[in-house]
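Chemist: These are the residues of each chain, in order.
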Amino acid sequence: MQEYKDLWSGILTEVELDVSRANFLTLFKRTRLVSLEGDVLTIAAPSTMIIDLLQRRFYDIIKKSADKHTKKNTKLIFVPKTIVDIVVEGKEKHGPLFDDGERTKVAVGHLPRVRADFTFENMAVSATNQLAFVSASTVAKKPGTAYNPLFIYGPVGVGKTHLMQAIANEVYNSNPENKILYTTSEEFTNEVVEAIRTNNTSNMKKKFRNLGLLIIDDIQFIAGKERVQEELFHTFNTLVDSGAQIVLSSDRPPTEMKQVEKRLISRFSGGLTVDIASPDFELRTAILLIKAKKHGVSLSIESAKLIAQKAQDARGLEGYLLKIMTSAQSGDGEITEELIASVLSLGKEEKLNSFHPDELIKNVCYFYKVKPTQLRSAKRDAFLVRPRQVAMFLLKKELGLTFVEIGNLLGGRDHTTIMHGVEKVDNMLKKSLISEDILGIPKLIVGNNVDY
Amino acid sequence: MKITFLSDNLQKKLSFLNHAVSSHGQLPILSNFLLEVKKGKLTISATDLEIGISSSIPVNVDQEGSTTVPAKNFSDLLSNVGNQKVTLFLEGNTLKLTGEKIKASFQTTPPEEFPNLYEERGEGLINIKKSLVKDFITRVVFAAAQDSSRPALSGVLLDKEKNEVLLVATDGYRLSMQKNVFKTKEELAKPLVIPSRLIRELLSINEESDDLSVFVSEKSNQILFSQGETTLVGRLIEGEYPEYQKIIPSDFNTKTEVNREDLLNAIRICTVFARETSNVIKFTIEKDKMIISANSPSVGEDMVEISAKTIGEENEMALNAKYALDLLSSLDKEDLVFEMTGPLNPGVFKIKEDNSFLHLIMPIRVQG
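Protein chains in written order, with the numbering used here: chain A, 786 to 1237; chain B, 207 to 574.
These are computed hints drawn from the structure, not numbers from a lab.
Each residue gets a CB set at the ideal place from its N, CA and C atoms; glycine is no exception.
Watch out, some of these pointers could steer you wrong.
[Stated by the list, open to error] Derived Cβ-Cβ restraints for the label pairs, each shown as a range:
{"hint": "1", "chain 1": "A", "residue 1": "Met786", "chain 2": "B", "residue 2": "Gly246", "range": "49 to 57 Å"}
{"hint": "2", "chain 1": "B", "residue 1": "Ile308", "chain 2": "A", "residue 2": "Met786", "range": "52 to 60 Å"}
{"hint": "3", "chain 1": "B", "residue 1": "Arg327", "chain 2": "A", "residue 2": "Lys814", "range": "25 to 33 Å"}
[To be verified] Here's a subset of chain B near chain A, in silico, CB distances under 7 Å, partners left out:
{"hint": "4", "residue": "Leu233"}
{"hint": "5", "residue": "Thr253"}
{"hint": "6", "residue": "Leu255"}
{"hint": "7", "residue": "Gly378"}
{"hint": "8", "residue": "Ser426"}
{"hint": "9", "residue": "Arg441"}
{"hint": "10", "residue": "Met568"}
[To be verified] DSS-like mimics (lysine-lysine), calculated; alpha carbons at most 27 Å apart, straight line:
{"hint": "11", "chain 1": "A", "residue 1": "Lys790", "chain 2": "B", "residue 2": "Lys425"}
{"hint": "12", "chain 1": "B", "residue 1": "Lys425", "chain 2": "A", "residue 2": "Lys814"}
{"hint": "13", "chain 1": "A", "residue 1": "Lys990", "chain 2": "A", "residue 2": "Lys1043"}
Using the sequences plus the hints, can you model the full thing?
Modeler: Following this line, the structure appears as structure tokens:
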């Protein structure tokens, strides 16, 4: 292109000497050389009237100059074409009505409970989550046709929620009219319960069965809830029949889900089941760098590696990162390796935030020498009530779960039961009616020696 | 060249012919009219190299020929002579005009310097009565961008939806869309972007005949309109037109019915103060009324209430008064519907009981 530009401006310099200034400005200024093939010059001019004048009155002058510059006996062809030199940076700006950026932000805001920054673009991918990532992005591109349902499982903090919300965002952005619902199995349960309570199941059915994309996070919590499972089963069938996409996540594969009806499990396994393993060291480093960028701090790869050695999952990493940022801000703002080392050694004890609820329950069982199945059972023997209440208390205080979630974890107990249990242990601690040893339960290191 | 005609016949064509005369005048020939006499007709052409117009009147021919004369002098003189018999006679380089009591002579330039308006008309796209589409075009064309920095937006899009042709124009802040402009079968292979200036000139053509034919030449990227004895020619705009379908809201939270005249007057009153604050006015939509207000801290404020029939939420939106005025003065129907989803999403104007038209206006974000 540059070659043509130079050649044409050379030709024009000569033409300029032979024609009047008015002619040159009006007729030649907006012409461009499009191509030179053999001895044929193709010249673009903005209108047929201009071409007419150039051809009739200036052909010889242009040709003379062109011959001289190309050292050929040239032929000239004119085409009507406006060549715009001003290139607007990036995508052509069409004004605020067409402003994608603005719209996307607003658009994503319309999806309840879905975070706009959970997209495929800002997800770090490595061997441990690559399959899940690829399957999720395929599903997002072809909802309802690629894999239905998509079942993602893996331990806590590996990015299940990120992937699922990325699907929601992507599907929404490609077609904002798509009916999308992102929910958790707890919310789904609440909807079912509410519908049964008010004896109005038709509304709920309408809400769930007209969707284009249904995403349910932490599906394992429907364990033991028969009515909810039944409702989910029918919703599932209706949606699959109508070509809607379903995406589910869990902490274990469908086949290992307990207290879930067989027919539902077979439905869950009917599409694609992918697992995400805990992030490997390289992925943890990459996640740290992404998170650091999101928070607007610069973190060297060496520093990121140091932190990545310490934490095992994404939430733990973010916790460390925030701590390091805070300490850096109280100092001179620099994140040095010494600073990281000092924060990391302090933080050793506090890894608990990323504790999995099941592990905590395991620890409680180990402490009281009971079995988790007993803890979850409906039995109210005295030797079970105390451990159960302690478990409720710790799940609340240490992991900050909601009462309903704790109820689900402990065999589908009502949230008021949980509230009572938490309050009771709290009071007992205050009055020293119970040993403070229970506070050490989460720190116990328990192997896999407790049966499930 | 020697002809005789009634000046009346020419006068009504001079104004739109003058629109194509180059105003910059860098190239002297472009401030001239080309006069051609052939087969009982005088054809006058004008071009600024961007668009070209030519129009013919029947004349009494003594001798055929052609020449060019300065357009301004020629049309100023002729439009002031009233209706009388006029003779034009080319003698050497001078064109002599004689009327009943008038004598004039113009210096001419040889016709060879004048550019040809077009080589070929191209393929026929549609034959239609202009009066059927005139109102539709008026509803759309004003929304096109005035500057040429975004070439596609300076045009009017002619697109096909099923068998109906629709028109769209937008400058990125507002958008007008008129569906069902005319029926088409196969003629429109791909969407066309026509310079809005060309469309405006089309509206200004004053001809007795109502028959309008449109021709497109893909080879030379040219569009040509022919109405009666007048031909208007220009170039199609290359470049991607933005995906307008995407931004048309499918739903609303507030819908209100207002009278066009009421709203137009209210906005005019509010512009008194809105002028001072870059034309910002506010619509406040309540159950049975709509309040239009403007406020300029240093000058004053006002509000006008008009009756409205609202369904849905009460709502408000700030917008540029100019856009609303442009729209309301281009509409030919009185019962309008205004729909919106929220203060930051585009407001939609429609014509009541008419799904073929809609107009979007981007709101203005106001502080506080």
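Chemist: Take the hints in turn and mark each one as holding or not.
Modeler: Now the hints, each set against the structure:
1. A/Met786 to B/Gly246: 49 to 57 Å: 52 Å, holds
2. B/Ile308 to A/Met786: 52 to 60 Å: 58 Å, holds
3. B/Arg327 to A/Lys814: 25 to 33 Å: The hint (25 to 33 Å, Cβ to Cβ) holds, given that B/Arg327 and A/Lys814 are roughly 29 Å apart.
4. Leu233: 4 Å, holds
5. Thr253: 5 Å, holds
6. Leu255: 5 Å, holds
7. Gly378: 1 Å, holds
8. Ser426: This interface hint holds because 5 Å falls under the 7 Å limit.
9. Arg441: Holds, about 5 Å.
10. Met568: At 5 Å from the nearest chain A Cβ, B/Met568 passes the 7 Å test, so the hint holds.
11. A/Lys790 to B/Lys425: Given pair A/Lys790, B/Lys425 holds - Cα atoms ~24 Å apart, limit 27 Å.
12. B/Lys425 to A/Lys814: 23 Å, holds
13. A/Lys990 to A/Lys1043: At roughly 26 Å apart (the allowed maximum being 27 Å), A/Lys1043 and A/Lys990 satisfy the hint.
Hint check: no violations occur; every hint is consistent with the structure.
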